[in-house]
Each structure stands twice: as structure tokens, then as C-alpha cells.
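Number of protein chains: 2
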Amino acid sequence: MYTLIDGKAIADQVKAEIAEEVKHMLAEGKKRPHLAVIIVGHDGGSETYVAHKVKSCEQVGFTSTRLAFEDTITEAELLAEIDKLNADPDVDGFIVQLPLPRHISEQKVIEAIDYRKDVDGFHPINVGRMAIGLPCYVSATPSGIMELLKRYHIETSGKRCVVIGRSNIVGKPVASLMMQKAYPGDATVTVCHSRTKDLKDICLQADIIIAALGKPEFLTADMVKEGATVIDVGTTRVPDASKKSGFRLCGDVKFAEVAPKCAYITPVPGGVGPMTIVSLLKNTLLAAKGEIY
Amino acid sequence: MYTLIDGKAIADQVKAEIAEEVKHMLAEGKKRPHLAVIIVGHDGGSETYVAHKVKSCEQVGFTSTRLAFEDTITEAELLAEIDKLNADPDVDGFIVQLPLPRHISEQKVIEAIDYRKDVDGFHPINVGRMAIGLPCYVSATPSGIMELLKRYHIETSGKRCVVIGRSNIVGKPVASLMMQKAYPGDATVTVCHSRTKDLKDICLQADIIIAALGKPEFLTADMVKEGATVIDVGTTRVPDASKKSGFRLCGDVKFAEVAPKCAYITPVPGGVGPMTIVSLLKNTLLAAKGEIY
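Respectively, the protein sequence lines represent chains Y and E. Under our numbering, the first residue of the first sequence carries the number 1, and numbering increases by one thereafter. Under our numbering, the first residue of the second sequence carries the number 294, and numbering increases by one thereafter.
Take the hints with a grain of salt, since some may be wrong.
[What the hints assert, rightly or not] Per the computed footprint, the stretches of chain Y lying under chain E, defined by three or more beta-carbons under 8 Å from a beta-carbon of chain E, are:
1. 115-126
2. 181-194
3. 234-247
4. 252-265
[Claimed, not checked] Here are the simulated lysine to any residue pairs, SDA-like style, with alpha carbons at most 25 Å apart:
5. Lys225/Y to Ser487/E
6. Lys84/Y to Leu286/Y
7. Lys181/Y to Ile397/E
8. Lys474/E to Leu98/Y
9. Lys493/E to Leu199/Y
Hints in this document: simulated from the structure, not taken from any laboratory. For clarity, every value in this text was computed on a predicted model and none was experimentally measured. All C-beta atoms, glycine included, are put in the ideal place defined by N, C-alpha and C.
With these hints in hand, go ahead and build the complete structure from the sequences.
In C-alpha cells, the structure reads:
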């Protein structure tokens, strides 16, 4: 019988811990941690994510600022807004919700953010410090996955870990974390991707599979070893007329057939997803406390 | 019959190409590329490496500056010297030879170097940009390995690559490069280390093995698949009375028994070693031409 990794419950637990810490900070006369979020345009997904982030800030007692701009904003204007937040001593951390309109360079925007306020962990300095194993802001999804492994006391040292997908925001950083001399970590990590041959054989050797390729129900039961831990990072929107929104979130794992073989598995939704906002809150708390830089 | 990867010959070839490019730059009225090297104390290995670097600069027509300090220099004084080089418009790139005396923080020194002049590629910005796949200064050993694979036209796409060792200066960055969407790269990379179980089985699956753990003759024939490519990064000094220096360099691969199973293999010395200085020269050339930043 497998254990379902309840990301929602863990997220609530971590949020409660953060809220408790904010109370202590206020009792000590400190200011509330302050997260600012920049959103450009009216992408439905982005607006939902930003609304969640703002609401989560409220839940834990953070101040939040939502700065919304039309998608006619120029790159120079956006960079000027970023400079304002960089210089604002009340803002502990901020993020620019991606994606951005095509006329704006996302990489330029990411690098314009003061790395000491880069609570999304996308700035090259934070990426580099993570690779080296130095204190830094770890980006939301990899950080959320680590937190789940930790809270469920899942053994990682010496385990075979297969990461499917080599994106800059999930695959590569989670692989980097899983191989660090730390817990969770110390795993023997293999990164697979579109060019990988015999993916099935490689997956069958894995004690831990982290599926982050964005292909609905890609990982099937015949690819998973008995007793493995499966972390599903996929969140593809699949049309579903029975839902009010017209879609449902679909993971990269064929859950119904894979779960019975697993020791631990995350569902979609309710697995990694809820953890990502929590990681953002944790980074903002670290920023407010000056614990990284 | 295996092909011996001749790092010395490739290094000479790349040096000749760089020298040619310097001639063109001078003909166009540009200044010579200028590398500065800081050395602290009198470590025998460090003095030899620095002497090689200075000599290589001469060979390709670079200006070089060797700044030597006693190991009584304070951290603050050293950081002040770094600031001078950061500000010197004639210096295109510079390095601080490691290791440093214990009273000086190597990490603080590395981060004090302007990343745009960090031709060793150790600054977190360069490490992070490499992980993301952006233009950057790649550190010497990983860059040298890539160059060898490229010059020998060794197929890497879709190949199983096993990296033994997870150091910040070799294992992790070379793994990162081998998994990038590029050539060399696009490999399915597994990083092994001290906590890895069944290392032998993992190595036996590898088309390419990069041994970078620093244990003399660790990789034996029973760990290598017929037709594999083996890159030996080890350079341990082993006492040898028959040598004038009193030691010989010993690789991580038991060459005599492994070589007959290989398609390609690097010797030690004369494999990866000679390429590291060449990578430093290449980075300095890129710095002089302003091609990265």
C-alpha cells in the first residue's frame, strides 16, 4: 500500500509555521515581511497564480504588493519598475510573474532583479550558488520537492534518482539539489530528456523518479520499480467539460496504474503544486530576516 | 584498438589558433589580450601552474602580469588587490591561483572578482549562467574536456555519460555541460560519488566515463564497457624515486587494463591536463574581445 504525499497538508503546515514566526517577529518589534509581485498583461494562468500568492501572503501575515501593468509596457519601463523595487527598503523580496510578452526579454528582467531580493531564485547568482552548495534562494518547485521528501522522511542518500526533464526551472535545479552532500540529497542522480535512449530501463533502476517533462500521463507502470517514490511535477491543462474552468490539471504520471507500485507518490493536483507558493513564502521570510545575504 | 586522445597535441593546435587570432587583432590595431595572475605564498604546485600559465600567455602573444604576495597578506589586502584588477581597463581577465592560505576565504575572494573578468569561471554568476545554458566563462577542466570531445568528434547525443565525482570545479560543471542541449552535450548524465551504491554496474552502462574523484587507478577494466570513451581527470602526485621531481602524476584510471576496452581514452599526463591552460587562454581571448559580457 502506497503513501500519498499530501502536498496540501504539508503546505498548510509550513504556512502555519511561517505565520507563527511572523508573530514572533512582530512581537520583537520587527516589520512584517513584504513580498511584491509584478504581473504584466492578463494571462489567465498568471492572474490565478498571482492571486494565490497574494492570498498566501495574507494567510501568513506578510505584507504584499501587487503591481499590475498592461502588456503595452515597454521593456525599459518594466526595468525601471524593477529598479524601484530593488531600491525600496520596505520590500524584502519580489518576483516578476512569467511568462512576459514577447517584446520583453525574460532573461534581462531576471538579471535586473537584485539577487538579494530574488525570492524566485532565478537570478544566475542564486542558480550558481545553489550548484556550488552555498546559501541562496532556491527556486519554488525544486525547493518544494525537497521539502516534501524531508517532511515524509524519505531516504535519499545513495538512492538512484532519475529526473525526467532538463528545464532550467525544475529538472536541472532539482537534479543539482538531489546530488548535493546534504539531506535530502546524496543521491546518485541521472537526468533524462528528449535525447535519452532506453528511458524505460533507466527509470526501472530508480528508487526515486522526479517526472518534470510536461507530458500528461507519460510515466506508466511498466517504467516504475516496485517500492519506488514518484514525484509528479507535471501540471498540463487538459480540456475537461465537466469542470467549471473547462480544464483539469494533468500530471506526468499515469497515477492510477503507477501508484500501486509505489512506496510514496504525489498526486496532481495537491502534490508538488501547493508547495511552490510555500517555497516563495519561505524565501521571502529568509529575505526579511537577512539570513541568506 | 583504442584511440589515444592526445591532449598535448590538441592544446598546441588550439594555442596556434589563438596566436593566429591575436595576430589578426594586432593587425586591426587592437591591444594584446592581457591576463593577470595572483599567487599567494610559495606552494610548489601553484608556482608551477602559474609559471605554465605565464609561459602559455607568451606563446600565444598575450600580455601577462604575475602578482605574487607572501602568505602573510591579509584577506583585506588581497581583496584590495582584486579591486585594483577589477578597475584596471588594461586587464581583460584575471585569476587568483588556489589554494589560498587558511586565513583567507577562497569563496570571498572568488566572489570579489568582477564576473566579467572571471576567466577561471568560478564566480557564481558564471556557474549559474553555465547551468542555465547562457554564454559565460566555463571553468578550465570542464571546458577542456568538452574541447577534447569536440576535436575528436566523439558522439555524445543520447549517450550514457557517467561522471564519477561531484566537485564544484569538475564533476558538477562537466555534468551540467554534458546534459545541455548542445554538442558536446545532449547526453544522459549520471553523477556518482562517495555515497553511490553499485558504482560498477552504473559504469558498465556508460558510453562515456569521466573520472574525476582523485583516487589513483580507481577505475578498473571490470567497470568499463567495451567501446567506451574514458576521460581521466585525476592528477594525484604519487611518490616516484625515479623522477627528478620525486613524484609522478597518476590518473583515476588504471590505464594499462582499461585502454584496450576503450574506443577513446585520455592518458595522464598529456590528456585533460594540457587542455586546462588552453581553456584559460580561450576565456581571456573571449574577455578581450568582449564576446561574453
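Each hint, compared with the structure:
1. Coverage of the segment 115-126 of chain Y by chain E holds. Counting CB-CB distances below 8 Å, 4 residues qualify, and the rule asks for three or more.
2. Coverage of the segment 181-194 of chain Y by chain E holds [criterion: at least 3 residues with CB-CB distance below 8 Å; count 9].
3. Here's how the segment 234-247 of chain Y fares: 0 of its residues keep a CB closer than 8 Å to some CB of chain E, so the rule of at least three is not met and the hint is violated.
4. Chain E is given as covering the segment 252-265 of chain Y, and this is violated because 0 residues of the stretch bring a CB closer than 8 Å to a CB of that chain, at least three being needed.
5. Simply put, Lys225/Y and Ser487/E have alpha-carbon atoms about 24 Å apart, close enough for the 25 Å limit, and the pair holds.
6. Between Lys84/Y and Leu286/Y the CA atoms are separated by roughly 21 Å; this keeps the pair inside 25 Å, and the hint holds.
7. Between Lys181/Y and Ile397/E the CA atoms are separated by roughly 24 Å; this keeps the pair inside 25 Å, and the hint holds.
8. Proposed proximity of Lys474/E and Leu98/Y is supported: the alpha carbons are some 22 Å apart, at most 25 Å.
9. Straight-line distance between C-alpha atoms of Lys493/E and Leu199/Y comes to about 20 Å, which keeps the hinted pair within the 25 Å bound.
Checked against the numbered hints above, the structure breaks hints 3 and 4 and satisfies the rest.
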